[in-house]
Structure formats: C-alpha cells, structure tokens
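So the sequence lines, in the order shown, correspond to chains A and B.
Numbering-wise (the numbering used here), the first sequence opens with residue -18 and increments by one.
Numbering-wise (the numbering used here), the second sequence opens with residue -18 and increments by one.
No lab work stands behind these hints: they were computed from the structure.
Just so you know, these numbers come straight off a predicted model, no measurement behind them.
A hint or two may mislead.
The list treats identical chains as one, so a pair stands whether inside a single copy or across any two.
[Unchecked claim] In silico DSS-like links for lysine-lysine, alpha-carbon gap of 27 Å or less:
1) K103 <-> K391
2) K278 <-> K439
3) K42 <-> K278
4) K53 <-> K103
5) K368 <-> K225
6) K438 <-> K288
7) K439 <-> K371
8) K139 <-> K53
9) K494 <-> K278
10) K288 <-> K278
11) K413 <-> K432
12) K53 <-> K494
13) K494 <-> K60
2 protein chains.
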Amino acid sequence: MLALTCVRACLVLGASRTATRARLLHSASGMTAAQIDEEVAKLLQLKAQLGEDGKHQFVLKTPKGTRDYNPKQMAIREKVFNTIISCFKRHGAETIDTPVFELKETLTGKYGEDSKLIYDLKDQGGELMSLRYDLTVPFARYLAMNKITNIKRYHIAKVYRRDNPAMTRGRYREFYQCDFDIAGQYDAMIPDAECLKIVHEILSELQLGEFCIKVNDRRILDGMFAVCGVPDEKFRTICSTVDKLDKMSWEDVKKEMVNEKGLSEEAADQIGEYVSMQGGMDLAERLLQDQKMCQSKQACAGLSDIKLLFSYLQLFQVTDKVVFDLSLARGLDYYTGIIYEAVLTQAGVPPPANDSQNGASSEESVGVGSVAGGGRYDGLVGMFDPKGRKVPCVGVSIGIERIFSIMEQKAEASAEKVRTTEVQVMVASAQKNLLEERLRLVTELWNAGIKAEVMYKKNPKLLSQLQHCEEAGVPLVAILGEQELKDGVVKLRVVSTREEVDISRADLIAEIKRRTSEA
Amino acid sequence: MLALTCVRACLVLGASRTATRARLLHSASGMTAAQIDEEVAKLLQLKAQLGEDGKHQFVLKTPKGTRDYNPKQMAIREKVFNTIISCFKRHGAETIDTPVFELKETLTGKYGEDSKLIYDLKDQGGELMSLRYDLTVPFARYLAMNKITNIKRYHIAKVYRRDNPAMTRGRYREFYQCDFDIAGQYDAMIPDAECLKIVHEILSELQLGEFCIKVNDRRILDGMFAVCGVPDEKFRTICSTVDKLDKMSWEDVKKEMVNEKGLSEEAADQIGEYVSMQGGMDLAERLLQDQKMCQSKQACAGLSDIKLLFSYLQLFQVTDKVVFDLSLARGLDYYTGIIYEAVLTQAGVPPPANDSQNGASSEESVGVGSVAGGGRYDGLVGMFDPKGRKVPCVGVSIGIERIFSIMEQKAEASAEKVRTTEVQVMVASAQKNLLEERLRLVTELWNAGIKAEVMYKKNPKLLSQLQHCEEAGVPLVAILGEQELKDGVVKLRVVSTREEVDISRADLIAEIKRRTSEA
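In isolation and in its complexed conformation, chain A is listed as follows (with noise of 0.2 Å):
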C-alpha cells in the first residue's frame, strides 16, 4: 500500500511539472541560452523518466556532482580525519561547529564572481538561507557574533559548490573542508609559521609522496603589479591570471594579460621576470634590495615578513618543503598578507629529468596538484562587526578530498585489504541448537568491551559462519559445541592460521585481549 501511495504522488508530481515547464517554454523570451539548455536537460530528465509506457520511473541516484561513501571509503576517510585532527590537537586546536546553511546575506559580497556557485535553499516562508561556500565565512561571522577575539580552532565539515563536478579527479559539488585557523592580534608571523608547520606534519605522516609548500604574500603582489606598471583597477583581474601559471605556460599568460585584460606588454614582460623567481630567505634578501620593488613600500612590508617567516620556518625544521615563489597568487579576496599553497609533486610516477623554464618548476605537470592552501586574511571578520572591529586571522585549509582520492587509489594498488568493521571475534557454533548459548557468550564478550558479533541465523553452518571472518577480517572465531559446552570450554580459532585451541570459559576474556592487543 505504501508503495503505491509512492508511485502515485510520483506520477502527480512528474506531471505538475511538466505542466510547469511547458508553461515555462511559453514566456522564455527572456532566457539567456545557458537558462534554456538546462530547461532542454531537465525536459529530457523528466522525458527519460517516462518509460515506454508513459508510465513515471523512479531515477535511483544521488544529486549531480555528490556520492554516497560506502564502508571501505569510510574506513580510510576515518584514517585521514584522525591522522589530521591529531595533528590540530598536537597543536592546541579547539573545534567549533556551524549549521549547514547560513543566511544568505552572511555570504553575500564575499566570493566575488563565484558567489553564482552558491546553492540557494527555496523560499518556503522565513529567512532567505543559502548552503556554505566554505568554512572561512562562517567561523569569520562566528568569531563577530560571538565577539571572540581570540582563538585557534579546526573544523571539518562539508561545504557547497554549484561547480562543473569532476569526480574522477576528486572534485565534487558536496565536498569536505578540513580548516585549522588562528585569530588574534599576536607578534608577526608566529602562528603564520605554526601553519606550515601543521601542513608539513599532515603530509608528512598521510605520506602521500614528495610535495613542496609554495608561500608568497598580497602585498608583494599587489606590490609587483605597482612597480610594473598595472593600474591600480587591473590588480585583481591581472592576478586571476598570474594565478593560472600552474596550468598554462608564461607565454600564454602573457597573450591573456595583453590581449584580453588590455596590459601594456612591458608591464606584461615586468611581471614575468618576477613570477619567474623561486627560492628561499636569500631570494626574499635579494628583492628587498631590488631597485624597483623598493619603490612599493607594501612589497617592502611583504619581504620583511616572509624574512622573518623563513627564520621561524627553520625553527620549525620545515623549510626543506617551503619555497617563496613569486608566481603563487591564490584567487580569494580575502587575503590581505601571507599566502601559501602545498602541491604534491610526485603522484606514483617520477617527474621527468629536465621540461623546466624561465627557472620556474613544473611539479604541477606531474603531481596530482594543490593538496592544502590558505593565507593570512585580517579583514574578514570586520566585515560582520557592527563597528568593523578587525580580528587577525591567518588559517589553512586540507584539501581532503584529493587526499582522499589518492588514498582510495593506494588502498585499491595494495594487496592488503581494508577491513570495514573492528570485530576481534565471531561466536561460532559447530552443531545445530545452540543459538541461546551464542547469544549467552556473545554478551560475556560485549559486556567485557570486546567487539564481537554472531550470525544471526538459528542454526547457521560453521563453513559459511568462517567464511565470514575470512572475507571481513575477523581475526578469531570462538566455537561452541555440545563437547566445548560440556568441557567448559571455547574453542578459539585464529583465522589466518586455523590453528585451534579449547580454552577454558573463565580465562576466555582474557585470552581473547591478550590476543588481539597484540598485533
């Protein structure tokens, strides 16, 4: 009856909607082409729904660009989450939580152009509401809110994006943020340095691979684009494209920034020299004795900083990752100081001997790309302040998603197999009749803490209960039959070897965490 009830609000609403949408064909001489191909999709959606029949089919999937994660995909998941939060924990990190959808004026003027990415929730009377873009925003209206002025705090939740999904490679619509910040008016630098300390210790101990953290600073960007000549209006448009030169090469760069965004090729031919230039402290040295960048008093302020950054980074005992590269221009407007990104630059396969140029590396050909990125951003929470009272923040977000791909990868390579569940033993019975004493031990067990399951079948074969433990894992089996029950004893089977021993009921407990605490 249930079922039926099903089928038919389907059928009511496949054909309401319908009826809206032609409806809908009638007055869409306003309609831009892009509005018309998805009205075009969803016509078809619902046309493919309708079998040959006419009659509505159910479509049995999840939203465009989401997935569902089954167990294999959860244990690893649980492996990367713990392996990060006991790094944000090492480092004194609280965490915080905020609801999934914020008022959608929270989120308005904060993305630039990609605020048309934002999921907006229907208007169903009440507030106007919108999914979260990301995990800065709303702990930046929290901190205001809240009037917090100071804490370092990690959160782990999903987030929002109405972008071209590409899950293959990792990219989804519904996706984890993993963000570890610091707020607080405190001495430069010091916790900008703890950042990369962190992100050096999470891909060290997920050990993806070889990887290197890029780090430059706003101000020596907006600093360079100054002294080479960009007007002041072109900054942020020259810097989405500086931004790109991890995936297209200089001279395409080059022809954007002349061609499209209207530069001067010398400005254009300026700014390549600089984004050419990589190294460490001594380059930082270097620049701040540049005649040119010396003219821009915020490029000054920049390369001081990132001087004394690189001094903490060696106290830390990172710097054999980080590398001050003037090419890195991350596109969120929010940055207001310190910007760094980490890329991994060797995905299973060696880089190739010698494809660089203009000195500029090409990790990125190779790697599987950016697996962390933040920066110091010291006027967001101002923004949500009444009185516009700033809060410093600095902060860094895992790009978990990716990470998680590669592990799914690693584990799916390797010849050892996830295992789902921690069960260290299967109640296991030998002969038929024997539920009630199953049930009866299984409880010993659990109530001792040990993670234990039965079959839940009155009188299941040995074969298929072994079985089981063989595909799942399960490290033990204790049997039961009429001649261990009338002995008063268990008969423990160690899967791996099937070698097997009677122990004796009330020394069992024991055994049984004698025996898996050891592995």
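Use these hints to put chain B onto chain A, whose structure you have.
Then chain B, alone, in the frame of chain A:
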C-alpha cells in the same frame, strides 16, 4: 574596500527584496492566512534591518532553529559520540555517509503529512533537490541503488526539518541523527533484540539516569484496532491519537477519538483497556490467550514475536529495562513489525511516589522523555527497487540532541571544568628574548608527538603564560630561562600543585609522557 562592497551589495539586495514583497502583496488574493503571516514576518524583518537612518543593517545570526556549537559544546559532543560509536563498533557495525541533499522525488511519499517540513533547494537549473529529513530514507535509497541485501551500519549526520524549533528543549531545525540499522533476511527477532541491547548499553554508559525501553509491534496495534471495531481506514489516524498517550490523559485521548475522529465510544473503551496494559513476556502470553485478541492473525503473529524477543532479551541481560507497552504507537508510516522507544524516567529529580492510574506508569511527566526509538521496516527498501524487491530492516535512532542537552546541563552543574583542548604542556619563558628557544623546544615536543603550545608573542609575561594554563586546564609548563639554557635543563611546573622541578633536556620528553599518561 571589501567591506564597502558588502554594504552596497546588501543594500541592493534589501531594496530588491522589498520590491518583490510589494509586488507579492498586489497578487496576494490567492494566499492562505499562513502564507500572509509569513510574508508579514518577512516584511517586518526587513523593516527591522533598516536602521533609523533607513540604512540596511547586517543581521548577525544563524538561521532560525539552528545554532553554532562552541568548543565546550563540541568537547561534550565528541565524548558522547565516542561512547556511541564505540558501542556500534563493538557490535560489528560499518558506517556509510550520504549527501546532505537528495533528489526531491527520493523523499516524496515517505513522510505523509510531515512532508511539508522538508527543506527544498531553490531551482537554480538542474535537478530538484531537498535536504534529507532523516537518515532512514537515504539508507533505503543507498541499499536499493547498490543492490545491497545485507549490512549492519551506523550513520551519524545532520538532518533538516522546518518544524517549530524549541531550542531550550533541544529541538532544532538542524539536528543530528545517530542511526544503527541491520538489513537482511534473518531469523526472527535476533537483530531486533540486538538493537535493544545496543540502546541499553548506550544509555547505561552515558549515565543519563534511570530509563525504560517500551516495546510494541505494529501488527499488535493493527490487530487490536481491528478486534476493537475500528474501521480499516481509521487505523492510521486512531494510531496517531494513541501515540499522544505519553503527553495526554486517557480521558483526553478518548475524547479526541470519539469527538474528532468519529470513533464509537464502545470501540474507544475497548482500546482503552488494551492500551493500559504493560508487562513482559507474561503479558504477551496472556494476550495470546485473550479471546478477542486471538481473532486477529496479525496480532497473534506480533505477540508470538514479542515472546521470542523477550527470550533473547533475557540472554542479552536487558529485561530489567524493557517493558511491553500496548500504548506505544510510533508515528512513522514505514514501520511493519516491532517498534520501541527509550524514555528517561528521572531527570535529576526523583519521580513522585504514586500518581499512576490504570496501572499505566507516568514516567514521562517527570522524565525528559524519549531519547531513542526505532523499529522494523521491511517495506521501505522495496519502494526504491525497480522490481520492488524487499530488504527487511530493523534499526534504532539515538536522540542525540536531547542527550547533548542533558550532558551540557550536567557539565554546567558540575564543579569539574570541561577542557576544550588536549594540550599537555605549554612551553613558556621566564625572561625576554627567548622566542627562538621556545620555538625550538616546542618543535622537539611536537615531533615527539606531545601536545604542546607556545604563546604567539615575542616576549610574553610569565604570569600570563601561567594564567593561560590555569584557564585552559593545561597540566604542565616547560619553563625556559637564561639559567636553564646554560644548565641544559627545563623547569617543569605542575600547574595544579605549582611544584617545579629541573629536568635535563635529554629526559624531558620521557618525563612529560610519564606524567601525562599516569593521570
């Protein structure tokens, strides 16, 4: 500049929304009273946002019915989740995750009247989607989509209901569900009994006070309605009135049945006799002999299963808390067999001596009410399968938000402070100019896996460093000074006793580990 952009954008948004509302009012003739109320509320909200000078003011809040979790609440939440997840894992459960939104039609026809509480996403082109309303329907969709016929899984995630929030009582529009379900064709009542065992373990371990688990069976309810003379088409509506017995007296319930739902007084009185019955296996046996009840085949099937259930519950050692209660009638349409609900019977205050009536207990009047519930739903997965193939399921949902509220109240009342970080040691300095030494030492500790922090100041005062430890509950301080550096030692201070002892640098890590593991 960014802040200005934001204010401008908000003003524009405000203005265009006002215009939209005004237009809406002109065509309001077709609106219901409720819709008009909603529109009035929105206009008043807009007006409130316009300050005295007519300028748009930013509303700094989370959406209605939602909340942030601060670090203290998160610490409590983590503790509760750990207890619950440990129990699920002890019983051999895997875990899965599903997207926060589903295709709208996935949720259609599953929630009866409550469908109006579903949050829809705005149609921005592409598929029509809704936020998940519970975890059970996505679970059933997952099983059907992946053709899974056997799984024991837990799923902890947020769900969304546009209900009237009552946040002081832990009722939110965004809230966690914490579900454990067993899917598969098994012998009767074994998985059902394990679900009750799990509820028993979790509520005992969380130490929430006295509790009671009521069980009943959808088939017994339906059979009872049949033999009492309730017409078939009134089963559901009479059932939902019976469901109110935990909040209303029998007299009022009877009035509703007779006056509002048009049931005969005779039928109502017969129902009244049955729903006052409570007991254990004995009651099931007695009702199996009941001349009237016996006329219903499905009631008999339900009663036999209750008997079998109790025999397993005895083996699981949980009959002390389980009551067979014929008044339990959980609302959800999809239940097909056993149903249960756990209620707390003592919320800090002892229950009044004797105000029971008709033998029915009155725990609910003093308890904080339901904290877990579930049942068997053998038809739901089949609603998603193109061929209607059924996968029998039984599960339980832990009412985690109510449990959070109770734990938070307990933490408030307790003298013990809730720690929000796990920092074991702060690296502090007694004199100026020791930042580099502090960073060097904290790096050593981090690299050894010790949870440590430093203040992000060049020259923090010793007193403020110690105060921070007192406030945050950090147990140890490693103090560096000129003398200590010269002697190759660190002064290790125990915050609680203020005892200080010099430890050589070589022994420091072992000493910190020893001291923080013994507590």
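These are the hints, each one checked on the structure:
For the identical chains of this complex, K103 and K391 are neighbours neither inside a copy (41 Å) nor across copies (39 Å), given an alpha-carbon limit of 27 Å. Proximity of K278 to K439 under the C-alpha cut-off of 27 Å is restricted to the inter-copy arrangement: shortest distance 24 Å between copies versus 81 Å within a copy. In this assembly of identical chains, the alpha carbons of K42 and K278 never lie at most 27 Å apart, being 56 Å within a copy and 39 Å across copies at closest. For the identical chains of this complex, K53 and K103 are neighbours neither inside a copy (35 Å) nor across copies (33 Å), given an alpha-carbon limit of 27 Å.
Taking identical chains as interchangeable, the C-alpha atoms of K368 and K225 are never at most 27 Å apart, the minima being 37 Å within one chain and 50 Å between chains. Taking CA atoms no more than 27 Å apart as the test, K438 paired with K288 passes between copies only; the shortest distance there is 18 Å, against 69 Å inside one copy. In the homo-oligomer, the alpha carbons of K439 and K371 lie at most 27 Å apart only across protomers (21 Å), although the nearest pairing inside one protomer, at 67 Å, exceeds that limit. Taking the closest pair of Cα atoms, K139 and K53 come within 27 Å of each other both inside a single copy (19 Å) and across two copies (21 Å).
With identical chains, the CA atoms of K494 and K278 are never at most 27 Å apart, being 66 Å at best within one copy and 48 Å at best between copies. Taking identical chains as interchangeable, the C-alpha atoms of K288 and K278 lie at most 27 Å apart only when both belong to the same chain, with a minimum of 15 Å there against 83 Å between chains. Taking identical chains as interchangeable, the C-alpha atoms of K413 and K432 lie at most 27 Å apart only when both belong to the same chain, with a minimum of 24 Å there against 54 Å between chains. With identical chains, the CA atoms of K53 and K494 are at most 27 Å apart within one copy only, with a shortest distance of 25 Å there and 34 Å across copies.
When the C-alpha separation of K494 and K60 is checked against a cutoff of 27 Å, the pair qualifies both within a copy, at 23 Å, and between copies, at 24 Å.
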